[in-house]
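**Student:** Sequences listed follow chains A and B, in order. Okay, so the first sequence: first residue is 0 according to numbering that gives the first Met the number 0, each after it adds one. Okay, so the second sequence: first residue is 0 according to numbering that gives the first Met the number 0, each after it adds one.
Hints in this document: simulated from the structure, not taken from any laboratory. It is possible that some hints are incorrect.
[Said to hold, decoys possible] 25 Å max Cα-Cα, derived SDA-like pairs, lysine to any residue:
(1) Lys158/A with Lys6/B
(2) Lys295/A with Trp319/A
(3) Lys158/A with Asp235/A
(4) Lys6/B with Asp171/A
(5) Lys158/A with Met10/B
(6) Lys276/A with Ala22/A
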Amino acid sequence: MTKKIDQRLPQDSGATKLPCYAAIKSPWEKMYGFREAMRYVTRYEAVFGASILQGIRILIPDYEERAQTLCQAAFDRMYETAQKYGITQDYLLNMHPFMCGEFTGALIGDEGDDAMMMPGRVQDFGTYRCEKELDACPWDIIGSELCRATTMSLQAQSKGAAERRREGPSLDYAMVEARGCGDRHCRIVAENREKYPMPEHPLWQSFGPIATADMIKFTPEEECVEDPMVFREECDFRFANGTNLEETSEMAAMVQFATSSCLYFFPMLTRCIAEGKLDEKMVLHVLKCVLEASGKAAFGEPYARLAAREWLGVPVEAPWDGRIMGGHIEMMLQALMCAYEVEAFNKDEVILVIDRKGLEISNGWMQTPCHVAYWNGMVKTLVSPQWFVFEEGSTDKQIRVRICKKIDKFC
Amino acid sequence: MYRNIFKYDDMKRAEHMAVRESVGWYLFTHQLMQVEGEGAEAFLDYMFPNNIATLRPGRDRYTTMLDQQGEIIDDVVVMRFDDHFWISTLFPSYMDDWFYAHQGDYDVDYYEVSDDWHMFAVQGPRSKDVLNALCAEPVDDLRFFAHVENSIDGIDVIINRAGFTGEKLGYEVYCAEGDTDAIEEKIGAAAEQFGGRRVTEFQVMAWTLPTEAGFYYMRDLRHTNPFEVGLAGNINWDKDFVGKAALERVREEGPAREMVGFTVAESDIFIQAKQYGGPGEAVYLDGEEVGRVSKLVYSYVRDTNCGYILAKKGTLHAGDVIDIHGFEAVICPKNWLA
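Could you build the full structure based on these sequences and the hints that come with them?
**Tutor:** Here it is as structure tokens:
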């Protein structure tokens with residue numbers, strides 16, 4: 000096979016080609032602005048995360064055990080993060096020394112929500128009670144266990160934030176509504192248990208009930224927002240919190256790509272493997288099986304294949320070959336701000352050399368085999384079963400992904 | 000639904016009213032920037048629109064800090080000591096960057112000392128009694144916006160007569176970080192003797208108490224200029240300062256907006272305000288958006304919802320009755336203690 004690169008986009012297209020307006024650009028020069036790219040990649044990552052969670056459901060069948068394990072891992076990971084990097088957040092979020100107690104953690108959660116395309120509004124922010132309502136959440140398809148775990152990561156951030164100043168009241172964070180459970184909103188209410196007594200609960204039971212349900216401010220459907228502040232005109236396209244932190248979409252992207260839903264899953268699995276609760280080979284086997292099937296389902300319907308061509312701007316006369324799959328992966332990588340190079344892009348094969356750090360970020364090594372399995376499933380229905388996506392010649396720093404026809408009697 | 004988070008909260012009410020009726024005390028440590036050097040006075044006089052050069056040792060002065068567009072990026076209290084200044088700020092990282100950007104040839108050094116000091120606010124009609132019971136030297140003669148060295152049970156403190164509550168009598172007790180526990184215990188015991196109580200709720204110390212007095216906190220001032228928010232009165236136009244050229248244009252043309260007060264009599268309301276983040280609830284007059292709600296809290300003194308609207312200049316007048324998100328609001332001056 001040749002390493003020829005057909006006439007296509009310049010290899011360095013994308014944000015750097017448009018210095019004033021970041022965008023992603025397909026190999027057929029179809030462009031999408033930053034907002035659409037963010038929407039696309041957050042949902043892409045959510046679907047990927049939903050598949051991973053299905054694998055975890057097979058590996059840990061009991062709901063309570065699974066949810067507790069996820070919550071504990073999320074709490075521990077975020078508490079450690081808060082201890083290591085929290086002081087930076089104090090300055091960024093303008094937390095003052097007199098803001099004593101765990102309520103300061105709500106500021107951290109609020110900023111993260113908006114950056115991760117989860118728009119909404121803070122309804123209460125006080126020492127003994129906080130309330131945040133989200134109208135949209137790209138992660139609402141992943142599973143209720145994740146909703147519980149995200150709440151516990153906020154709980155951990157709050158604990159860490161409180162420990163950086165003089166002692167103050169603790170808060171019990173609960174996600175009393177969750178879009179991942181079918182509710183209209185996600186709603187976090189944090190209450191101090193001395194002021195608002197409720198029975199103690201294990202970590203995973205982080206959905207409430209709460210003591211101050213009558214204080215909830217419920218935004219009706221017609222007043223809900225779809226975009227975070229950084230994409231809304233009435234906000235001057237800036238996130239602004241109550242303590243005067245202002246951020247543009249550039250910061251939103253940074254937070255987004257660093258915090259995919261898998262950040263909750265892979266570290267938890269790694270811990271279970273280290274503790275001997277799960278077998279590494281079995282974990283990878285199950286995840287690959289689920290992800291390959293999930294990838295196949297993505298383009299199983301004929302209209303989905305056509306929509307993919309439309310999304311990528313593939314000309315009508317262009318044939319169905321590996322370039323379509325390659326272009327699909329490129330769009331995701333660009334939106335994720337993951338560096339890559341095109342080694343080959345022709346009717347016979349596509350080779351993408353991907354920056355390993357950019358794809359795996361802080362999610363660990365499992366991210367790559369899972370993504371490759373996902374893409375390998377996709378190419379079967381997007382292009383044809385003759386095509387495969389697989390790793391070949393990867394290094395510690397680079398993931399070399401090849402898309403080509405081959406025959407595998409054990410696939 | 001929408002049960003008022005302030006009105007029915009006995010704890011918030013008690014903490015708030017302790018300040019209004021007897022004495023309330025609380026840890027209220029802001030970040031502190033220490034500024035020193037031969038050129039410190041001239042430098043700060045350039046950085047702030049209000050007069051700093053005329054500030055005498057032992058006295059304080061409130062001032063805004065502006066960007067080149069004349070927008071407020073901080074409002075601070077400058078405290079002058081014999082050989083240095085303290086600036087009480089809520090945005091030390093912005094201030095550090097801004098000072099660095101304008102330092103030029105000024106012989107000045109500045110650094111944050113927030114970790115070295117804590118501050119307790121002791122506020123309310125009985126605050127002087129509390130301080131006199133605690134301090135080695137009486138504070139009777141201490142004037143507003145003045146500070147002196149003193150001691151409490153042998154522990155060195157700085158007593159500053161100032162506050163963020165609108166109370167005529169109010170003090171700030173600065174102590175070294177290592178003495179914080181001891182000072183906290185002594186203030187608590189003394190305050191109890193005079194019927195006081197500790198304020199623990201952030202919403203009371205940062206929102207309800209200052210708002211009743213018409214004071215601003217953080218987001219209220221963001222992207223405003225001093226003319227729009229009534230803070231242009233003490234600007235020294237005879238000197239050069241950062242943002243002067245832009246602010247002179249505002250002075251000539253008149254401000255585009257103004258901060259007005261409003262009340263809502265209905266108890267259980269749902270109105271978004273910028274203090275929580277976001278754009279704030281839109282305020283319409285005859286179908287046209289004329290402003291956004293900056294702040295919405297509760298006046299325990301007047302027993303009503305109260306707040307601020309940043310509105311187009313001249314569109315809203317005291318006594319106007321408007322609709323905000325389905326709730327009837329009345330425009331008024333933004334001071335509920337007057």
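**Student:** Run every hint past the structure and note whether it holds.
**Tutor:** Okay, the hints, checked on the actual structure:
A C-alpha spacing of about 29 Å is found between Lys158/A and Lys6/B, which places the hinted pair above 25 Å, so the restraint is violated. Proposed proximity of Lys295/A and Trp319/A is supported: the alpha carbons are some 16 Å apart, at most 25 Å. A threshold of 25 Å between alpha carbons decides the hint, and for Lys158/A with Asp235/A the separation of about 33 Å lies outside it, so the pair is violated. Between Lys6/B and Asp171/A the CA atoms are separated by roughly 23 Å; this keeps the pair inside 25 Å, and the hint holds.
Proposed proximity of Lys158/A and Met10/B is supported: the alpha carbons are some 23 Å apart, at most 25 Å. Pair hint Lys276/A plus Ala22/A does not hold up; C-alpha atoms about 44 Å apart against a cutoff of 25 Å.
The earlier numbered hints that this structure contradicts are 1, 3 and 6.
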